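2 protein chains.
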Amino acid sequence: MTQFSSTEKSKVKRLAKRGCYDRETIYKILDEGIICHVSFVLNGQPFIIPTAYVRAGDDLYIHGSKANRMMNLLNEGADACISVTLMDGYVLARSAFHHSMNYRSAVLFGKAKIVEDRNEKIMALKEFSEHFIPGRWDDVRTPNDKELDATIVLKFSIDEASAKIRTGPPADDKEDYALDIWAGVIPFKITAGEPVPDSVLKESIPIPGYLSKFISGRK
Amino acid sequence: MTQFSSTEKSKVKRLAKRGCYDRETIYKILDEGIICHVSFVLNGQPFIIPTAYVRAGDDLYIHGSKANRMMNLLNEGADACISVTLMDGYVLARSAFHHSMNYRSAVLFGKAKIVEDRNEKIMALKEFSEHFIPGRWDDVRTPNDKELDATIVLKFSIDEASAKIRTGPPADDKEDYALDIWAGVIPFKITAGEPVPDSVLKESIPIPGYLSKFISGRK
Numbered sequence: 317m318t319q320f321s322s323t324e325k326s327k328v329k330r331l332a333k334r335g336c337y338d339r340e341t342i343y344k345i346l347d348e349g350i351i352c353h354v355s356f357v358l359n360g361q362p363f364i365i366p367t368a369y370v371r372a373g374d375d376l377y378i379h380g381s382k383a384n385r386m387m388n389l390l391n392e393g394a395d396a397c398i399s400v401t402l403m404d405g406y407v408l409a410r411s412a413f414h415h416s417m418n419y420r421s422a423v424l425f426g427k428a429k430i431v432e433d434r435n436e437k438i439m440a441l442k443e444f445s446e447h448f449i450p451g452r453w454d455d456v457r458t459p460n461d462k463e464l465d466a467t468i469v470l471k472f473s474i475d476e477a478s479a480k481i482r483t484g485p486p487a488d489d490k491e492d493y494a495l496d497i498w499a500g501v502i503p504f505k506i507t508a509g510e511p512v513p514d515s516v517l518k519e520s521i522p523i524p525g526y527l528s529k530f531i532s533g534r535k
Numbered sequence: 317m318t319q320f321s322s323t324e325k326s327k328v329k330r331l332a333k334r335g336c337y338d339r340e341t342i343y344k345i346l347d348e349g350i351i352c353h354v355s356f357v358l359n360g361q362p363f364i365i366p367t368a369y370v371r372a373g374d375d376l377y378i379h380g381s382k383a384n385r386m387m388n389l390l391n392e393g394a395d396a397c398i399s400v401t402l403m404d405g406y407v408l409a410r411s412a413f414h415h416s417m418n419y420r421s422a423v424l425f426g427k428a429k430i431v432e433d434r435n436e437k438i439m440a441l442k443e444f445s446e447h448f449i450p451g452r453w454d455d456v457r458t459p460n461d462k463e464l465d466a467t468i469v470l471k472f473s474i475d476e477a478s479a480k481i482r483t484g485p486p487a488d489d490k491e492d493y494a495l496d497i498w499a500g501v502i503p504f505k506i507t508a509g510e511p512v513p514d515s516v517l518k519e520s521i522p523i524p525g526y527l528s529k530f531i532s533g534r535k
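First to last, the protein sequences are chains A and B.
Taking our numbering, I'd label the letters of the first sequence as residues 317 to 535.
Taking our numbering, I'd label the letters of the second sequence as residues 317 to 535.
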């Protein structure tokens with residue numbers, strides 16, 4: 317299935333031409349993002365928590381501590397809405413009204429289940445690590461039993477999702493194109509700065525190759 | 317009042333030492349952010365929408381179209397939770413378990429009201445513009461009556477809020493410091509790339525000074 321089905325819940329209503337239900341497009345947004353915002357309802361009140369995530373196949377994983385209120389609530393079957401937003405730039409029009417942003421935004425709806433299987437849990441933690449910095453997992457001290465036990469991994473099956481995307485130049489009113497006002501796009505990017513070694517890092521340890529590669533890719 | 321009161325709703329529970337209720341700290345996060353995520357409940361289901369915002373005094377404004385479902389729902393008194401997250405860097409520990417992120421995150425709870433007063437509405441739209449690119453408002457064609465009428469501005473009084481902040485190096489288990497694994501922080505920043513002029517922009521219009529200044533500040 318390459319298209320998500322869209323119900324009233326996930327249908328993009330405002331500026332529907334920017335809406336999209338294509339699995340490949342949505343997964344590309346998820347794979348490029350670093351954090352998501354998870355919302356849930358507790359006693360009728362909406363809550364949001366920003367957290368790291370990773371997509372693997374048709375599932376989205378988040379993780380947290382055993383003591384985390386949200387993790388437990390979601391495991392009990394609470395509905396969740398998850399949003400990943402990539403901000404690509406400011407769109408500067410000639411009129412204040414037509415100023416906008418270029419963005420790619422994915423919104424998912426679903427329920428979560430705790431990953432009980434030990435191998436799937438380790439696999440998910442490795443996917444997290446590889447999503448953030450490819451190559452890091454093989455370099456670090458991997459989780460021991462105590463750490464695995466203290467960590468909850470939640471899996472959302474991505475059943476319903478939509479994306480909303482804006483790209484390209486500003487769209488001004490016809491008569492405003494005659495105005496002497498600069499218009500165009502200021503692109504944005506999340507870039508990595510110079511790594512800051514831990515102050516107690518042994519001096520003999522250089523920056524590993526996979527990390528230099530990651531940082532170059534984020535310049 | 318320089319501290320927000322904190323109830324069960326806004327109290328930071330996980331890693332409480334990272335929690336903070338100081339108005340100045342929270343406002344600084346809001347003033348640095350570009351987009352927020354707004355969550356609300358409709359028929360028991362949580363929804364999230366990413367959107368632009370601006371803080372002015374003790375209020376937070378968002379805006380949208382008259383036809384926007386969320387804008388109308390919030391104006392009818394629905395509870396909202398608003399999150400602004402600044403991602404400052406990856407924290408690379410020697411163990412997979414102690415990997416983390418440096419971040420500054422603010423979460424607000426409140427209800428919204430439509431701004432009916434014409435002058436306050438124009439003031440809020442100007443604040444938006446100045447929040448994004450200082451100096452832009454005085455350069456552009458400001459909203460006419462038709463545009464003002466098509467725009468809803470919602471005002472949230474910031475009554476209850478909290479921040480959660482992580483800074484600094486990784487915190488590894490004592491015995492892991494002996495391992496030959498690179499550890500430290502990779503800082504992140506949202507940077508602006510080269511501006512892309514609208515393809516139909518008159519050639520005689522150079523990049524204005526305030527915009528060059530903005531872009532330099534985001535290098």
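To be clear, the hints were calculated from the coordinates, so they are not data collected in a lab.
Keep in mind it's a predicted model, so treat the numbers as computed, not measured.
Worth double-checking, as some hints may not be accurate.
As the list makes no split between identical chains, a pair holds if one copy fits it or if it spans any two.
Stated by the list, open to error - Simulated pairs of lysine-lysine, DSS-like, Cα-Cα distance not exceeding 30 Å: (1) LYS535 with LYS505; (2) LYS382 with LYS529; (3) LYS480 with LYS429; (4) LYS327 with LYS535; (5) LYS429 with LYS535; (6) LYS442 with LYS462.
A quick look at each hint next to the structure:
Within a single copy, LYS535 and LYS505 get their C-alpha atoms as close as 9 Å, and across copies as close as 10 Å, so both meet the 30 Å cut-off. Within a single copy, LYS382 and LYS529 get their C-alpha atoms no closer than 34 Å, and across copies no closer than 47 Å, so neither meets the 30 Å cut-off. In this homomeric assembly, LYS480 and LYS429 come within 30 Å of each other (Cα to Cα) both inside a single copy, at 27 Å, and across copies, at 26 Å. In this assembly of identical chains, LYS327 and LYS535 lie within 30 Å of each other by CA distance neither inside one copy nor across copies; the values are 36 Å within and 37 Å between.
When the C-alpha separation of LYS429 and LYS535 is checked against a cutoff of 30 Å, the pair qualifies neither within a copy, at 37 Å, nor between copies, at 42 Å. When the C-alpha separation of LYS442 and LYS462 is checked against a cutoff of 30 Å, the pair qualifies only within one copy, where the shortest distance is 17 Å, while the shortest distance between copies is 54 Å.
Comparing the model with each numbered hint stated earlier shows that hints 2, 4 and 5 do not hold.
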